[in-house]
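Quick note on the numbering used here: the sequence shown kicks off at 1 and runs consecutively.
If you are wondering where the hints come from, they were derived from the structure by calculation, not from laboratory data. Hints may contain errors.
[What the hints assert, rightly or not] Result set (DSBU-like, lysine-lysine): computed pairs, CA atoms no more than 35 Å apart in a straight line:
(1) Lys229 with Lys219
(2) Lys258 with Lys346
(3) Lys380 with Lys66
(4) Lys54 with Lys242
(5) Lys350 with Lys380
(6) Lys350 with Lys321
(7) Lys338 with Lys151
(8) Lys76 with Lys345
(9) Lys345 with Lys229
(10) Lys219 with Lys242
(11) Lys345 with Lys380
(12) Lys219 with Lys338
(13) Lys76 with Lys66
(14) Lys380 with Lys152
(15) Lys66 with Lys126
[Unchecked claim] Here are the in silico distance ranges between beta carbons for each label pair:
(16) Lys76 with Asp328: 15 to 25 Å
(17) Thr142 with Asp202: 31 to 41 Å
(18) Gly241 with Lys151: 49 to 59 Å
(19) Ser173 with Ser194: 25 to 35 Å
(20) Ser199 with Leu170: 19 to 29 Å
(21) Asp335 with Gly101: 25 to 35 Å
(22) Pro198 with Asp288: 30 to 40 Å
(23) Ser194 with Thr100: 31 to 41 Å
(24) Lys285 with Thr100: 44 to 54 Å
(25) Glu234 with Thr142: 33 to 43 Å
(26) Ser292 with Gln109: 38 to 48 Å
No residue lacks a Cβ here, since even glycine has one placed at the ideal position from N, Cα and C.
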Amino acid sequence: MKTTSKLLGLAIVLSCGLMSCSSSEEVSDDLGETKQVVNMLSEPVTIELTTEQKQFAYDNNGFTLKFLKAVNDVDKSGKSFIYSPLSITYVLGMVNDAATGQTEQELEQTLGFHKGGIQAVNEYCKKLIEGLPKVDDKVTLTIANAIFLNKKYTLKPQFQQDMQTYYGALAESLDFSAPQTLDHINGWCNEKTSGMIPSILDDVDPEMLSYLLNAIYFKADWASKFDQKNTRTETFTTTGGKKQLPLMHQNVLISYLKSDTYSAVIMPYGTGLWNMTVLLPEDGKTVDDVISEVTESYLLNNHGWCETGGNTFQPYEVDLKLPRFETDSDTDQLDTEKGLIGLMKKMGIKLAFDEIYAEIPNMSFQPVYIDIMRQKAKIKVNEEGSEAAAVTIGGAMPNSVGAQPVEYPKATFHANRPFAYVISEQSSGVILFVGKFTGD
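Construct the entire structure; sequences and hints are all you get.
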């Protein structure tokens, strides 16, 4: 039996515990009898990040949690949502490569790269592109970037080289006035997300200089799959009432935490380096309370975000229930001015979207500003595991002015009411997706 340890700093920020090899463990019940419980605890294998890159990962996770709170604050629909702030980071990282002055400072500060500089940001992004898909051969992860260039314009050679070297993005020149260009760009999204995001654009602006895209696709089985015969239709309490939803069920030995505001479990995928952390509000608390607490605690206390108030994850035998669900989201539906751009402005990135004051001279021979941004994301969670994808697009517009019986403590974790969740990689601490499930 392998035990968990306390989380320290960013290196295990969202994993917040040890992971899974999905073996069976004998445990003692209240009557002293032994039974088989799935063991979801094991030792991690790390991605080698430099000291600076570890700080980047920690601070970029801060951007991710601030994004989660910002979305939750502006989205008053009461519906579930799923987003990938890391996908946004990649599109804006490509923009950052071409930026200078205060525009570059805003991008790097807001994304959590501070004064690291363009080269350091590019190398960090490349490290994740190359390293994250190799962490676990039982998990499918692809991170793809692309630049679709209006054939009327030319990219600067250094920018074009950086995009290929650090982001794996080969610029493709297209006729933006041709009808087939829309199908081509949307076809790239469909291919890179295995059909989960079939399109990102409704039309192509013939005046746009280029479109910069990032796609992230994730698919993994749970370390311990739920048995479909144990899934039952049960009552799920939404903010507006009660409804019947399929709740998956199993007993697991898993990392568990309980605070005054919420309880949480870490549900590992594959061999255990990827996981979903599920945060369930305690009675009298809401998902809003949970998101506010973990975000503020992370930003103020400089420690793993889910270990608020001195609470730490420990191995527990948990009676676990989780809904089977699907969620898809589109930032164009957010109640902010210009959707994702409006949200980015609220978070501190303003000049990059300003037609007059944007300082992005190194993308093309004509200065540009970012005229559109959009993300679509989707997740499916079932007995087998999870499948999630996101596509983010940024449109650059020319600037018109320039094994022994062991007894463990027991807990019940029935996610039969709204909850928040995160999908992350343990050794680097990098967050890929954040979401909320409300039952609606």
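Quickly compare the C-alpha distance for Lys229 and Lys219 to 35 Å and report which way the hint goes.
The hint holds at about 23 Å.
Does the beta carbon distance between Glu234 and Thr142 stay inside 33 to 43 Å, or does it fall outside?
Roughly 35 Å apart at Cβ, these two residues keep to the hinted range, so it holds.
Is the straight-line distance between the alpha-carbon of Lys345 and that of Lys229 35 Å or less?
Status violated; Cα separation ~48 Å.
Against the range 30 to 40 Å, how does the distance between the Cβ atoms of Pro198 and Asp288 compare: consistent or not?
holds (32 Å)
Is Lys219 within 35 Å of Lys338, Cα to Cα?
holds (31 Å)
Hinted pair Lys258 and Lys346, Cα distance within 35 Å:
Holds, because 32 Å separates the two Cα atoms, which is no more than 35 Å.
Assess, step by step, whether the Cα of Lys380 is no farther than 35 Å from the Cα of Lys152, and give holds or violated.
Distance ~40 Å between Lys380 and Lys152 Cα, so the pair is violated.
Given the range 49 to 59 Å, decide if the beta-carbon distance of Gly241 to Lys151 lies inside it.
holds (54 Å)
Agreement of Lys350 and Lys321 with the hint, judged by alpha carbon distance not exceeding 35 Å:
Violated, because 43 Å separates the two Cα atoms, which is more than 35 Å.
Evaluate the given range 38 to 48 Å for the C-beta pair formed by Ser292 and Gln109.
Taking Cβ atoms as reference, Ser292 and Gln109 lie about 22 Å apart, which means the hint is violated.
Holds or violated: are the alpha carbons of Lys76 and Lys66 at most 35 Å from each other?
Judged against 35 Å, a Cα distance of about 17 Å means the pair holds.
Given a hint of 31 to 41 Å, does the C-beta separation of Thr142 and Asp202 actually sit inside it?
violated (25 Å)
In the structure shown, a violation is registered for the earlier hints numbered 4, 6, 9, 14, 17, 26, in ascending order.
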